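Same order as they appear, the protein sequences are chains A and B. By the count of this note's numbering, the first sequence reaches residue 266 at its end, each step adding exactly one. By the count of this note's numbering, the second sequence reaches residue 532 at its end, each step adding exactly one.
No wet-lab data here; the hints were simulated from the structure. Only a predicted model underlies this, so the values are computations on that prediction, with no experimental measurement involved. Among the hints, erroneous ones may be present.
Keeping only pairs whose Cα atoms sit at most 30 Å apart, straight-line, the calculated BS3-like set for lysine-lysine is [to be verified]: (1) B/Lys469 / B/Lys453; (2) A/Lys70 / A/Lys187; (3) A/Lys44 / A/Lys70; (4) A/Lys44 / B/Lys469; (5) B/Lys310 / B/Lys336; (6) B/Lys469 / A/Lys70.
Take a look, some chain B residues computed to stay more than 12 Å from chain A by CB distance [said to hold, decoys possible]: (7) Ile335; (8) Glu417; (9) Ala471; (10) Val486; (11) Arg506; (12) Ser513.
Backbone N, C-alpha and C fix where the C-beta goes; we use that ideal spot for every residue, glycine too.
Protein chains: 2
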Amino acid sequence: MCELLGMSANTPTDLCFSFSGLTRRGGETGPHADGWGVAFYEGKGVRSFHESCASASSEIAQVVETHPIKSETAICHIRQANVGNVCLANTHPFTREMWCRYWVFAHNGQINNFSYQPGLYQPVGETDSEQIFCDLMNRLRQNATTTDTPEQLSGILVELAGEYARQGVFNCLLSNGEWLFTFCSTKLASITRRAPFGPAQLKDADVTIDFEAETTPNDVVSIIATEPLTTDESWDIYQRGEWKLWSGGEVITSGQVQLPEPEAKK
Amino acid sequence: MCELLGMSANTPTDLCFSFSGLTRRGGETGPHADGWGVAFYEGKGVRSFHESCASASSEIAQVVETHPIKSETAICHIRQANVGNVCLANTHPFTREMWCRYWVFAHNGQINNFSYQPGLYQPVGETDSEQIFCDLMNRLRQNATTTDTPEQLSGILVELAGEYARQGVFNCLLSNGEWLFTFCSTKLASITRRAPFGPAQLKDADVTIDFEAETTPNDVVSIIATEPLTTDESWDIYQRGEWKLWSGGEVITSGQVQLPEPEAKK
Chain A
1 MCELLGMSAN TPTDLCFSFS GLTRRGGETG PHADGWGVAF YEGKGVRSFH ESCASASSEI
61 AQVVETHPIK SETAICHIRQ ANVGNVCLAN THPFTREMWC RYWVFAHNGQ INNFSYQPGL
121 YQPVGETDSE QIFCDLMNRL RQNATTTDTP EQLSGILVEL AGEYARQGVF NCLLSNGEWL
181 FTFCSTKLAS ITRRAPFGPA QLKDADVTID FEAETTPNDV VSIIATEPLT TDESWDIYQR
241 GEWKLWSGGE VITSGQVQLP EPEAKK
Chain B
267 MCELLGMSAN TPTDLCFSFS GLTRRGGETG PHADGWGVAF YEGKGVRSFH ESCASASSEI
327 AQVVETHPIK SETAICHIRQ ANVGNVCLAN THPFTREMWC RYWVFAHNGQ INNFSYQPGL
387 YQPVGETDSE QIFCDLMNRL RQNATTTDTP EQLSGILVEL AGEYARQGVF NCLLSNGEWL
447 FTFCSTKLAS ITRRAPFGPA QLKDADVTID FEAETTPNDV VSIIATEPLT TDESWDIYQR
507 GEWKLWSGGE VITSGQVQLP EPEAKK
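With the hints as constraints, model all of the structure from the sequences given.
Structure representation (structure tokens):
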């Protein structure tokens, strides 16, 4: 499996603190040592970092941890390989361009024997995750239009995500730089930080932060992760089938789809 | 304008030495201080680094300089903005997926009033360069097939490149990870290093290297750049309209198209 981390903020914000916690799970406090990647939107541009090695011992991950890259939307993934070799082409997040925007996707879970229908977007690597992403993009391109509102798009996304989640485990983060779509099949949690800001302590490293010193009173910053990253804050745990569309640090629309219990799949 | 750097090698090779020279021109020995980017293929995967700031003073560029990322094909660009703001979305190289491969493109030059015909691939930023890349991809997708040989593809690429070069300045590097297509409209130079290897001295920094200590006798590594990067080696200067398709460090096919003298465009 793997772990996901996303950020939605109303002002360009760095991900250093959360990223430091997550990357420890890539070979130190967790077994997700088969690659890591992160994508930061800057306006409509995206800058990505990917490596097919353990994040906990990566020199480049350390630079990302200590170099405050400011972004309003970011998606990060650490990988424990199940489908597909350990190699760069299989390392999330994946990116494709559609309608003059970069779309970035990361997946936690597995769909065995996913049936990818050849389309415009094709997978470069061997993972089920990238096949699902390409399927999602192909069907979005067919069923949505460039003028759809985020709410209209999320209707289609929820339908697709529900379909995938009925075939296996499908927790995902997807963004086009305007919003961050999050879907929980088995595990996802979020926290929204706003004034008055307080301190926080990472679960995976002996690191604390005082957000008050790092923020202005108007900042709203939400973090979404497969597992809570801090020990002294109260995270909202997503329900099975629950989805939220984030923008500027806030949930702009949300809901829940009915899914059979995961046991029923076995 | 801007500068280009490409590498084609028969074994995974780092770009540290050449990259160190090029990045000095991004704000120190040259005026190309409006962003930099580099893409390294690892198998079918690509890892990219992009920033919309000067490479000469970038902490992340310094990590790329000192961290030996091994690749058989790499494309690098430093930008001096002419068309489009200084921002990440306008920073080369640009990447798109086609036929289960990532295609990476960087451009030196300018085509005023380039007429982009809307197609499948669309530009995210505002540069003429990204419009040309999308146009090239759209027309390649229409006129080539996934089973075409590199030689067949290069026939189509040369035709397109010639057409662009007749409209303005078009020096480019393009790769799909299998080969590196290079086209010279006004300036491009190459050097192929193979045994017996010797030392080399960068033009832009007080850095020398002894390639013999860094290589094996079977290595073949070619560097392609808008301007020679070393002072004590003999670079091959491309002619106007000349193109070369590189793979594994060697030219696998090449030629020259007739172009009017650049003065005739003014």
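Results of checking the hints against the structure:
1. Restraint check for B/Lys469 and B/Lys453: the C-alpha separation of about 17 Å stays at or below 30 Å, so the hint holds.
2. The hinted pair formed by A/Lys70 and A/Lys187 meets the criterion: a straight-line CA distance of about 27 Å does not exceed 30 Å.
3. Between the alpha carbons of A/Lys44 and A/Lys70 the distance comes to roughly 13 Å, so the proposed pair stays at or under 30 Å and holds.
4. Taken as a hint, the A/Lys44 and B/Lys469 pair is broken in the structure, with Cα atoms around 36 Å apart against an allowance of 30 Å.
5. The suggested pairing of B/Lys310 with B/Lys336 holds, with an alpha-carbon distance near 13 Å, which does not exceed 30 Å.
6. The hinted pair formed by B/Lys469 and A/Lys70 fails the criterion: a straight-line CA distance of about 34 Å is larger than 30 Å.
7. Look at B/Ile335: its CB is around 9 Å from the nearest CB on chain A, not clear of 12 Å, so calling it non-interface is violated.
8. Listed as outside the interface, B/Glu417 is consistent with that label: its C-beta sits roughly 23 Å from the nearest C-beta of chain A, beyond the 12 Å cut-off.
9. Non-interface status of B/Ala471 relative to chain A is upheld: no Cβ of that chain comes within 12 Å, the nearest being about 21 Å off.
10. Remark: the non-interface label on B/Val486 is consistent with the geometry, its nearest Cβ contact in chain A lying 23 Å away (cut-off 12 Å).
11. Remark: the non-interface label on B/Arg506 is consistent with the geometry, its nearest Cβ contact in chain A lying 32 Å away (cut-off 12 Å).
12. Every Cβ of chain A is farther than 12 Å from the Cβ of B/Ser513; the closest lies at roughly 19 Å, confirming the non-interface assignment.
Figure legend: structure checked against the earlier numbered hints; hints not met, in rising order: 4, 6, 7.
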